[in-house]
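**Student:** These are the residues of each chain, in order.
Protein chains: 2
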Amino acid sequence: MKSVKLFTPASVANVSCGFDVLGFCLDPVGDDMTIRKSDEKGIRITKITGQDLPLDVHQNVAGVAAMALLEANPSEYGFEIEINKRIKAGSGIGSSAASSAGAVFGINHLLGSPYTNHELIDFAMQGEKLASGSAHADNVSPVLLGGFTLVRSIAPMDVIKLPTPKELVAVIIHPKIELKTSHARAILKKTVTLKSAIQQWGNLGALVSGLYSDNYDLISRSLVDEIIEPYRAMLIPEFAKLKEVSMNAGALGCGISGSGPSVYALTKGFENAENVGQAMREVMQKLGIDFEVHISKINEEGIKILSEE
Amino acid sequence: MKSVKLFTPASVANVSCGFDVLGFCLDPVGDDMTIRKSDEKGIRITKITGQDLPLDVHQNVAGVAAMALLEANPSEYGFEIEINKRIKAGSGIGSSAASSAGAVFGINHLLGSPYTNHELIDFAMQGEKLASGSAHADNVSPVLLGGFTLVRSIAPMDVIKLPTPKELVAVIIHPKIELKTSHARAILKKTVTLKSAIQQWGNLGALVSGLYSDNYDLISRSLVDEIIEPYRAMLIPEFAKLKEVSMNAGALGCGISGSGPSVYALTKGFENAENVGQAMREVMQKLGIDFEVHISKINEEGIKILSEE
Chain A
1193 MKSVKLFTPA SVANVSCGFD VLGFCLDPVG DDMTIRKSDE KGIRITKITG QDLPLDVHQN
1253 VAGVAAMALL EANPSEYGFE IEINKRIKAG SGIGSSAASS AGAVFGINHL LGSPYTNHEL
1313 IDFAMQGEKL ASGSAHADNV SPVLLGGFTL VRSIAPMDVI KLPTPKELVA VIIHPKIELK
1373 TSHARAILKK TVTLKSAIQQ WGNLGALVSG LYSDNYDLIS RSLVDEIIEP YRAMLIPEFA
1433 KLKEVSMNAG ALGCGISGSG PSVYALTKGF ENAENVGQAM REVMQKLGID FEVHISKINE
1493 EGIKILSEE
Chain B
1193 MKSVKLFTPA SVANVSCGFD VLGFCLDPVG DDMTIRKSDE KGIRITKITG QDLPLDVHQN
1253 VAGVAAMALL EANPSEYGFE IEINKRIKAG SGIGSSAASS AGAVFGINHL LGSPYTNHEL
1313 IDFAMQGEKL ASGSAHADNV SPVLLGGFTL VRSIAPMDVI KLPTPKELVA VIIHPKIELK
1373 TSHARAILKK TVTLKSAIQQ WGNLGALVSG LYSDNYDLIS RSLVDEIIEP YRAMLIPEFA
1433 KLKEVSMNAG ALGCGISGSG PSVYALTKGF ENAENVGQAM REVMQKLGID FEVHISKINE
1493 EGIKILSEE
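Protein sequences, first through last, are from chains A and B. So in the numbering used here the end of the first sequence lands on 1501, straight run, no missing numbers. So in the numbering used here the end of the second sequence lands on 1501, straight run, no missing numbers.
For the record, the hints were derived by calculation from the structure and aren't laboratory data. Every value quoted in this text rests on a predicted model; they were computed, and no experiment measured them. Any given hint could turn out to be false.
Just so you know, same-sequence chains aren't split out, so a pair can sit in one copy or run between any two.
Claimed, not checked - The list that follows gives simulated cross-link-like pairs (lysine-lysine, DSS-like), each with its CA atoms no further than 27 Å apart:
| # | residue 1 | residue 2 |
| --- | --- | --- |
| 1 | K1372 | K1387 |
| 2 | K1387 | K1321 |
| 3 | K1478 | K1358 |
| 4 | K1229 | K1194 |
| 5 | K1233 | K1280 |
| 6 | K1489 | K1381 |
| 7 | K1381 | K1353 |
| 8 | K1353 | K1460 |
| 9 | K1229 | K1358 |
| 10 | K1387 | K1460 |
Next comes chain A alone, as it looks inside the complex (with noise of 0.2 Å):
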């Protein structure tokens, strides 16, 4: 095997009640990236089209993804890295997650699996930290997993894929500006009330019980976050407008997708996702921001190859 072409999908992370640890992926949004083999040792990156993203493997989060793999499993054979992205940078879908991911996804592969998909998340995510400025595995797990993920702790990496309601939907309103995760980091304050913090885990126990039993009430009842939202909403325009129309759409939640900007919401079934990503859409053409909308069942499998040599 020489080459593999891979679909690298856009993921969800924090799902209103949990932040840093929840995400979700997403199906038909994502960046296409072939890996080849190649007798020069090393990794290079040879080939980026959609964005304007440096080739240099530093400052390059499937770069620096490859490269602690290969620090981890030294290898005879260098790794050429060629991204077709579609997922805008600083969207607040995963876009470093899935250059990181496919990264160390597509080389894994073609070293013959040496590491599962759960080992790979470890290397993913040191594509982050270059990202966001801290380790985090929410955005990589989904991708790599698929379906639902919850990262129990990363040190070390403890990573539990949950089971996906078969009837929900996500809906994904991306405005078109830009917002670096390490700023919607800053603005949040190091420490929260005791009380917030039991209404948290609270509202993320409740959810993943919602998960595993099919109860998209709870699911609803539960995607409540009063920590981190309050702050980035300032971040989002007309981020309660959004959430107010999705919610009387029939959403069962809307929250922050990431640190933003885009904003989510989860719906039962794609005729509700229809209607809660029409009421969105209204929103933003009032003012103005050129944007785009998704709908997207949750992506169960994740990652994905699209064809190998």
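The hints should help you fit chain B onto chain A, whose structure is shown.
**Tutor:** Below, chain B alone, put in the same frame as chain A:
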């Protein structure tokens, strides 16, 4: 039907990572209560054996809870409550919750069950308020619903019954010193770091996942509390040692039961529970404080009718 005799079980709240939201129900440990319908309106506590507790309905949790129910659902009858207390007040295994839950369960039963057990939680919680100075439902919920319960919210009341892995066994050691819940609350800080809160909700989410998936290793990894335990541990003689010997003896986890002084451990199977119990016993024997050890399967049924006339 004129009277009902009940077994009202003890319970463990908090369960390490689930402060104020999680609890489970014990089996052989509990009180007996008899509730009798009477032609004289109102609530009377006619007899308490086993412990020196107030008969005044305004000063006794059972009375307060019972009056809350009758206020919402006025009756032409009154009710007499008789309690044989075997759970010591201030032991940390839900003594007040057993009485509160028993009172409302018994009266509801004699009234022809106008409320579900879920709905009774709110009334029982009024009794808890008297006992601890703040309303919490993490002990009354497992008593009324059985098994493990998660209190997502108390206003509005939203309690979820979680599944119980079949081989889970609880070990309780009760050092006979009194520790008031209100004092154990006063020692807590009003704020926590965001970092430790994230760790806690990651662990609680993982514990809920472990309960649904019968994953004993995951349950074990999740039974961590770095927020409350470090403070309350100071109030419990030899807590660190009890935890150390339990874990060395193979417990899945060990922590403070409720607000203490009882310490709980969870094990896989009864044989392991006996070993853990013995290890804890040896620590307490050296210390010279009076104590009791209980070994209990998780009581999935909860409160139980023993007889009725």
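**Student:** It remains to establish, for every hint, whether it holds in the given structure.
**Tutor:** Structure-based check of each hint:
1. K1372 x K1387: Between copies only: 20 Å across chains, 29 Å inside a chain, cut-off 27 Å.
2. K1387 x K1321: Result: close only across copies, 17 Å inter versus 30 Å intra.
3. K1478 x K1358: neither (34 Å within a copy, 56 Å between copies)
4. K1229 x K1194: within (5 Å within a copy, 82 Å between copies)
5. K1233 x K1280: For K1233 and K1280, the Cα distance exceeds 27 Å both inside one copy (30 Å) and across copies (70 Å).
6. K1489 x K1381: neither (33 Å within a copy, 42 Å between copies)
7. K1381 x K1353: neither (29 Å within a copy, 33 Å between copies)
8. K1353 x K1460: both (21 Å within a copy, 23 Å between copies)
9. K1229 x K1358: neither (38 Å within a copy, 49 Å between copies)
10. K1387 x K1460: neither (31 Å within a copy, 33 Å between copies)
Hints 3, 5, 6, 7, 9 and 10, counting from the list given before, are not met by this structure.
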